[in-house]
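Participant: One letter stands for each residue in the lines below.
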Amino acid sequence: MASTIRFFGGNGSPEVFPAASGGFNTVGFYGAGFGLSVRVGEYNESTFRSIENGTSNGGSIPNLRFANPTGAFVAGLIPARELREVNNFETTLRIRLNTDSAVATQNTNFRAFDKSNINKAPSGVTVRAAEIRKDNAIVRGSGDAGWTVIAGSGSVLPMDNRADLTVQKDFYVALTVSPTSIGEKTQFGFYWETEFL
Amino acid sequence: MIELSKSVDRYVPKERWIASLSNGETIYDDRRSWCVPAWQRLAEYCYSGGLSITGLRVQIAGTEIKLPSGMDGYIQKKKAWATIEESGIKLCFGYVTNGLSLIHEIDSSGDSRTIRPGDEEYKGDPGEPWTIYRKDIRDAKLSLLSA
Numbered sequence: 014m015a016s017t018i019r020f021f022g023g024n025g026s027p028e029v030f031p032a033a034s035g036g037f038n039t040v041g042f043y044g045a046g047f048g049l050s051v052r053v054g055e056y057n058e059s060t061f062r063s064i065e066n067g068t069s070n071g072g073s074i075p076n077l078r079f080a081n082p083t084g085a086f087v088a089g090l091i092p093a094r095e096l097r098e099v100n101n102f103e104t105t106l107r108i109r110l111n112t113d114s115a116v117a118t119q120n121t122n123f124r125a126f127d128k129s130n131i132n133k134a135p136s137g138v139t140v141r142a143a144e145i146r147k148d149n150a151i152v153r154g155s156g157d158a159g160w161t162v163i164a165g166s167g168s169v170l171p172m173d174n175r176a177d178l179t180v181q182k183d184f185y186v187a188l189t190v191s192p193t194s195i196g197e198k199t200q201f202g203f204y205w206e207t208e209f210l
Numbered sequence: 028m029i030e031l032s033k034s035v036d037r038y039v040p041k042e043r044w045i046a047s048l049s050n051g052e053t054i055y056d057d058r059r060s061w062c063v064p065a066w067q068r069l070a071e072y073c074y075s076g077g078l079s080i081t082g083l084r085v086q087i088a089g090t091e092i093k094l095p096s097g098m099d100g101y102i103q104k105k106k107a108w109a110t111i112e113e114s115g116i117k118l119c120f121g122y123v124t125n126g127l128s129l130i131h132e133i134d135s136s137g138d139s140r141t142i143r144p145g146d147e148e149y150k151g152d153p154g155e156p157w158t159i160y161r162k163d164i165r166d167a168k169l170s171l172l173s174a
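Just so you know, the protein sequences line up as chains F and X, in that order.
The opening position of the first sequence corresponds to residue 14 in the working numbering, with each subsequent residue numbered one higher.
The opening position of the second sequence corresponds to residue 28 in the working numbering, with each subsequent residue numbered one higher.
Honestly, the hints are just simulated from the structure, not real lab data.
Note that the coordinates shown come from a computational prediction; the quantities given were computed from them, not determined experimentally.
Here a beta-carbon is modelled for each residue, glycine too, at the ideal position from N, C-alpha and C.
Please note that the accuracy of each hint is not assured.
Said to hold, decoys possible - So these bits of chain X aren't anywhere near chain F, every CB distance computed over 12 Å: (1) M28; (2) S47; (3) L48; (4) D57; (5) Q67; (6) Q103; (7) E112; (8) G115; (9) N125.
Unchecked claim - Here are the computed distance ranges between Cβ atoms for each label pair: (10) X:N125 - F:G72: 28 to 34 Å; (11) F:G35 - X:P144: 44 to 50 Å; (12) F:N111 - X:T124: 32 to 38 Å; (13) X:D138 - F:A176: 26 to 32 Å; (14) F:L178 - X:S96: 46 to 52 Å; (15) X:S136 - F:N24: 32 to 38 Å; (16) X:S136 - F:S69: 29 to 35 Å; (17) F:Q200 - X:E42: 49 to 55 Å; (18) X:N125 - F:N111: 50 to 56 Å; (19) X:E42 - F:G44: 45 to 51 Å; (20) X:T81 - F:L178: 25 to 31 Å; (21) X:T124 - F:N24: 44 to 50 Å; (22) X:P144 - F:N66: 58 to 64 Å.
As the list claims (entries may be wrong) - Each computed PhoX-like pair below joins lysine-lysine, with the alpha-carbon atoms no more than 20 Å apart: (23) X:K41 - X:K93; (24) F:K133 - F:K182; (25) F:K182 - X:K33; (26) X:K117 - X:K93; (27) X:K41 - F:K182.
Here chain F stands alone, though its shape is the one from the complex (with noise of 0.2 Å):
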């Protein structure tokens, strides 16, 4: 069985690619704009497409604030909206799965790590993730919630299984992040794994 996972904005752009493709191989926050960082305490007010330390504007991708538990600034306009109301597009990541045939997936799951071990959290941030599925920007999202704090493996995000049988499957995962000490943030990155048949 051959598949393909690949990680974009939520928007579909731009793509994140791995270092070995000479790409843009970072998701990095910041603070009101490329560059600018985010206060201790504070969630991310801008997100864009980098290199490892954070120096090269590879493109914006959406941003999502923390704003309350169950809630989100989206593209930095308020008030906040609740996560079901936050659309697809709107969304920082979309996780998208190719298979040679249509699948089922489930025992899904996104993991912040600290770029070493997966099984490891991040160092020096509070990672917030929560799924996000509403392609119909009138009717009520199906996803997460409320926020939840992802971890190495103490506390993954977990998501829907799809029972729909498809080749191609997008996933959206909302992130939201906040340094707990001041610097430079760079051990921490993302895992993302599924099953199917």
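Got chain F; can you put chain X on it based on the hints?
Facilitator: Frame of chain F; chain X shown alone:
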């Protein structure tokens, strides 16, 4: 008619499961892209023909792994994973006995691990369609449902 590979034909990949059935047939994993996954077709074939899987083998990374015969059910699934930097797929296969499952995970490099009751990641019997149960187990489940 359910399309299945009963010999190593052009649809059978190098990394594959091989199921022995109670009617003496052998069914191979296949890549018929216009069909649902081979395991799902195998389940339909077993259910419609009143058959059971009597044994399951997996060939991957230049080796063959054989599961014990006569189990209550056999499990097969794939696990795809990715970070932004790398991705991979693991072939997962195992069996169910007395309501408990044992699942081997192996990737194309030959790295493997076994998930069994008591392990942190143990999730029990995944059930259908991941598990194909023996005919008498299926019949017993149906009887319970209709009671």
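Participant: Take the hints in turn and mark each one as holding or not.
Facilitator: Structure-based check of all given hints:
1. M28: 18 Å, holds
2. S47: 19 Å, holds
3. L48: Label holds. Min Cβ-Cβ 18 Å, cutoff 12 Å.
4. D57: Contrary to the label, D57 of chain X does not stay out of reach of chain F, its closest Cβ about 9 Å off (not over 12 Å).
5. Q67: 6 Å, violated
6. Q103: Answer for Q103 of chain X: violated, closest chain F Cβ roughly 7 Å.
7. E112: 5 Å, violated
8. G115: The claim breaks: G115 of chain X does not keep its Cβ more than 12 Å from every Cβ of chain F (closest is about 9 Å).
9. N125: Non-interface label on N125 of chain X holds, nearest chain F Cβ at 22 Å vs cutoff 12 Å.
10. X:N125 - F:G72: 28 to 34 Å: Distance hint for N125 of chain X, G72 of chain F is violated at roughly 54 Å.
11. F:G35 - X:P144: 44 to 50 Å: 46 Å, holds
12. F:N111 - X:T124: 32 to 38 Å: 35 Å, holds
13. X:D138 - F:A176: 26 to 32 Å: 30 Å, holds
14. F:L178 - X:S96: 46 to 52 Å: Between L178 of chain F and S96 of chain X, where Cβ atoms are some 31 Å apart, the hint is violated.
15. X:S136 - F:N24: 32 to 38 Å: About 35 Å separates the Cβ atoms of S136 of chain X and N24 of chain F, which means 32 to 38 Å holds.
16. X:S136 - F:S69: 29 to 35 Å: 33 Å, holds
17. F:Q200 - X:E42: 49 to 55 Å: 35 Å, violated
18. X:N125 - F:N111: 50 to 56 Å: Between N125 of chain X and N111 of chain F, where Cβ atoms are some 38 Å apart, the hint is violated.
19. X:E42 - F:G44: 45 to 51 Å: 47 Å, holds
20. X:T81 - F:L178: 25 to 31 Å: 28 Å, holds
21. X:T124 - F:N24: 44 to 50 Å: Once the Cβ atoms are compared, 48 Å apart, the range 44 to 50 Å for N24 of chain F and T124 of chain X holds.
22. X:P144 - F:N66: 58 to 64 Å: Given a distance of about 45 Å, which is not inside 58 to 64 Å, the answer is violated.
23. X:K41 - X:K93: Distance of about 16 Å is within 20 Å: holds.
24. F:K133 - F:K182: Not OK: K133 of chain F and K182 of chain F at ~28 Å, beyond 20 Å, violated.
25. F:K182 - X:K33: 31 Å, violated
26. X:K117 - X:K93: 17 Å, holds
27. X:K41 - F:K182: 26 Å, violated
In terms of the numbered hints stated before, the structure departs from hints 4, 5, 6, 7, 8, 10, 14, 17, 18, 22, 24, 25 and 27, listed from lowest to highest.
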